[in-house]
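The chain contents come next:
Protein chains: 2
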Amino acid sequence: MPAFPLKDKVAPIVWRGDRLRVLDQRLLPRRVSYIDCRTAQDVARATAEMALRGAPLIGCAAAYGMALAARRGRRELPEAAAALKAARPTAVNLAHAVDHMLAAARQADGSLARELERQARDYYQADLRANQTMARLGAALLRKKTRVITYCNAGALATSGLGTSLGVIRYAHHLGKVEHVYACETRPYLQGSRLTLWELMNGGVPCTLITDNMAAHMMKLGGIGAIFVGADRIAANADVCNKIGTYGLAILAKYHRIPFYVVAPTSTIDPATPVGDAIPIEERSAAEIVRIQGREIAPKGAAARHFAFDVTPRSLVTAIVTERGIIRPAGARALRRVLS
Amino acid sequence: MPAFPLKDKVAPIVWRGDRLRVLDQRLLPRRVSYIDCRTAQDVARATAEMALRGAPLIGCAAAYGMALAARRGRRELPEAAAALKAARPTAVNLAHAVDHMLAAARQADGSLARELERQARDYYQADLRANQTMARLGAALLRKKTRVITYCNAGALATSGLGTSLGVIRYAHHLGKVEHVYACETRPYLQGSRLTLWELMNGGVPCTLITDNMAAHMMKLGGIGAIFVGADRIAANADVCNKIGTYGLAILAKYHRIPFYVVAPTSTIDPATPVGDAIPIEERSAAEIVRIQGREIAPKGAAARHFAFDVTPRSLVTAIVTERGIIRPAGARALRRVLS
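From first to last, the protein sequence lines are chains S and D.
With the numbering used here applied, the first sequence covers 5 to 344.
With the numbering used here applied, the second sequence covers 5 to 344.
Rather than coming from a laboratory, the hints here were simulated on the basis of the structure.
As the structure is a prediction and not an experimental result, all values here were calculated from the model.
Certain hints may be false.
[Said to hold, decoys possible] Subject to a maximum C-alpha distance of 30 Å in a straight line, what follows is the list of computed DSS-like cross-link-like pairs (lysine-lysine):
1. D/258 - D/149
2. D/258 - D/224
3. S/13 - D/13
4. D/224 - S/224
5. D/258 - S/258
6. S/224 - S/149
7. D/13 - S/304
8. S/224 - S/13
9. S/258 - D/224
10. S/148 - S/258
11. S/224 - D/304
12. S/224 - S/148
13. D/148 - D/13
14. D/224 - S/89
15. S/304 - D/224
16. S/148 - S/13
17. D/89 - S/224
18. D/89 - S/149
19. D/224 - D/148
20. D/149 - D/224
21. S/258 - S/304
22. D/258 - S/224
23. S/258 - S/149
24. S/304 - D/149
25. D/258 - D/148
26. D/149 - D/13
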């Protein structure tokens, strides 16, 4: 990989030995502010309240959360594990990281605290390496000067650094393969307008914000060569669970015959979930729909639904890019091959 | 039609003889406040700045705008007509109303001011009657207890009263045919959350707000029996131009095999525009995308596109409900039959 900024200046989490500093992404792009998490419960709370988000990142943070629990003794681990796993139900990386740390704890014979700190660092570094590999593999899917659409934020802010789908896009831009990025704002949390635009502008990638409901019109206008999204959980049959709106975007891509790529590390794959519709879809508070950044946008007493994720059937996915190779077409057998 | 509230308590425009009072819909649902328009130019400005919106309503307001110009003399009419027509480019009702008033002015032999006032009232009353007829025809499309999705606001606030697609929904609810309405918030102007929810809640219709990007997931969950939208212009071949996001919603409906109905008066049909892609799509300021109700949601200097409308090809439209009958399947010949 040529010289390329692999980590952004503003890191979403910073390990300080006795605490995990978590960038409060709810305040971006207006303010860069960190929350000090000194316990696993602090990490779980920051995760549940969405100070940090992004499936790979909440996995990395959970690993550090377990390291923080280990500093207080082995007896802390079960409760810490339960709190972290319960923080958000959909992203499987959370359970993946916690289970990995529990297994490491069982095998630790020296200092438990030191061992779990080392394991958390390794988990974080492995995610970073996975992102680099996915960026390389994903960029190979594109020809010159492609205009792409991306959704939500699957960038450096959603991972240990670089990002999944946004890592592919940024690296492909570095190679001259991406000319322009259209970022969907991604209601209700506006990860697209607040975070993805911020990352792309900081990284010098030409980008334009659109509302989610403009994606179909942009595709119709022509010139969109690919769509890249991340994933929160991939079922054993290769159905993809990701941010609410991804499923609709995939249907639009199919209608316009535009390739629809999912970029996610293998830690996102959940062999225990047979099909996408078995994935628990988190429903969050209606208050997050009827208000935008504190401003009421609906009549008092309005009812709202707030599904945080949806499931895209594998039939709508052109390929899944993982750090262990590209799964194309997306299917159960190819998925097993990558995992084995 | 059984006893049914045909006009809401809060009227979007009120004629006062020497001025048109225009409800400032940008402030809803927080505040009910009217703007006094004493000239056609005032009406044009209120239209361009979206104090009022909705294709049939801006047609009615433009008719009154011409009546205001006539009070100042016949020489005022050409300039007034130009200002009103230029206020917004996409909705054909604007040109339809202004041309209708110019024709009336040419034939007026008594008091021009009195004649154009009468014509404007008639235009308004004709729209109200059209809405009542469409409500009756459209409701006949539904069986019992249907759950529907609607988009943007095509209600009493978008017309002379009752509404087009929302008129159908409200009347069908009155008949027990609509059980629940899911209203898409409709970024960037949030007509769905601010206006449609307000009308439905005031009218006692069970309703739930969703973000635009949740529509596909709602359709997948099952139980959605129909989708109803309005229109800003219908081309001669029956392609439908409507609020940005309508096209994507129609694709999602097709994928899920859910009927997609357009409700619009014949004043929305433009025989002079052969196909949908010939309709001028208004692009508005990027500032309306990067801010929500005055709050910045994107990094400073972020680029954004703001298409206000899109075009849904007739192939995605199950039927068009007009006051002169239902066009099904949507096509050029059936459209001509309704117009003749």
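**Study point:** Satisfaction of hint between residue 149 of chain D and residue 258 of chain D, Cα-Cα up to 30 Å
**Key:** Given pair residue 258 of chain D, residue 149 of chain D holds - Cα atoms ~21 Å apart, limit 30 Å.
Review point. Would the pair residue 224 of chain D and residue 224 of chain S pass a check requiring their Cα atoms to be no farther apart than 30 Å?
Key: Roughly 23 Å between the alpha carbons, so the hint for residue 224 of chain D and residue 224 of chain S holds.
Review point. Is residue 149 of chain D within 30 Å of residue 13 of chain D, Cα to Cα?
Key: 27 Å, holds
Exercise for review: Take the C-alpha atoms of residue 89 of chain D and residue 149 of chain S, compute the straight-line distance between them, and say whether it is at most 30 Å.
Suggested key: 40 Å, violated
**Study point:** Hint consistency between residue 258 of chain D and residue 148 of chain D [alpha-carbon to alpha-carbon, up to 30 Å]
**Key:** 22 Å, holds
Practice item. Starting from residue 258 of chain S, check that the Cα of residue 149 of chain S is at most 30 Å away, please. Key: OK: residue 258 of chain S and residue 149 of chain S at ~21 Å, within 30 Å.
Check your understanding: Within a Cα-Cα threshold of 30 Å, do residue 224 of chain S and residue 13 of chain S meet the stated pairing?
Key -> 37 Å, violated
Practice item. Take a quick look at whether residue 224 of chain D and residue 148 of chain D sit within 30 Å of each other, Cα to Cα. Key: It holds: about 21 Å lies between the C-alpha atoms, which stays within 30 Å.
Check your understanding: When you check the alpha-carbon spacing of residue 304 of chain S and residue 149 of chain D, does it fall within 30 Å?
Key -> 26 Å, holds
Review point. Within a Cα-Cα threshold of 30 Å, do residue 258 of chain S and residue 304 of chain S meet the stated pairing?
Key: Cα-Cα ~39 Å, so violated.
Practice item. Below or equal to 30 Å on CA atoms is what counts here, so check residue 224 of chain S against residue 304 of chain D. Key: This hinted pair holds, its Cα atoms lying about 29 Å apart.
Check your understanding: Within 30 Å, alpha carbon to alpha carbon, are residue 304 of chain S and residue 224 of chain D?
Key -> 29 Å, holds
The structure fails hints 3, 8, 18, 21 (numbered hints given earlier, in ascending order).
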